[in-house]
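Just so you know, we're using our numbering here: the sequence shown kicks off at 321 and counts up by one.
Worth flagging that the hints you see were computed from the coordinates, not collected in a lab.
Quick list of the computed label-pair ranges, beta carbon to beta carbon:
| no. | residue 1 | residue 2 | range |
| --- | --- | --- | --- |
| 1 | PHE321 | ASN375 | 35 to 43 Å |
| 2 | ILE327 | ILE371 | 29 to 37 Å |
| 3 | HIS339 | LYS372 | 26 to 34 Å |
| 4 | GLY373 | SER393 | 24 to 32 Å |
| 5 | PHE321 | PRO395 | 37 to 45 Å |
The beta carbon of each residue, even a glycine, is placed where N, CA and C say it ideally should be.
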Amino acid sequence: FFVLHFIFPFIALCIVFIHIFFLHLQGSTNPLGYDTALKIPFYPNLLSLDIKGFNNVLVLFLSQSLFGILPLSHPDNAITVDRYA
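All chains, full assembly: derive it from the sequences and hints.
This is the structure in structure tokens:
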């Protein structure tokens, strides 16, 4: 069971690479066969949106890791433990 969980991500990664290889080999086309010139370029618009989203997630992650969630925790968790008691 453990071996299956270890090997499955590698198999899935190989399937993704094979899928991307054949997608670029054939080219991505519309199922209806129409070729339109109304394409949205990826570079300036969507890349900036991805960077903004990554920065938002990074700010949330850093604020949680640096400031912690102590105001939301139970007060009994802040009591110092005496090992010898």
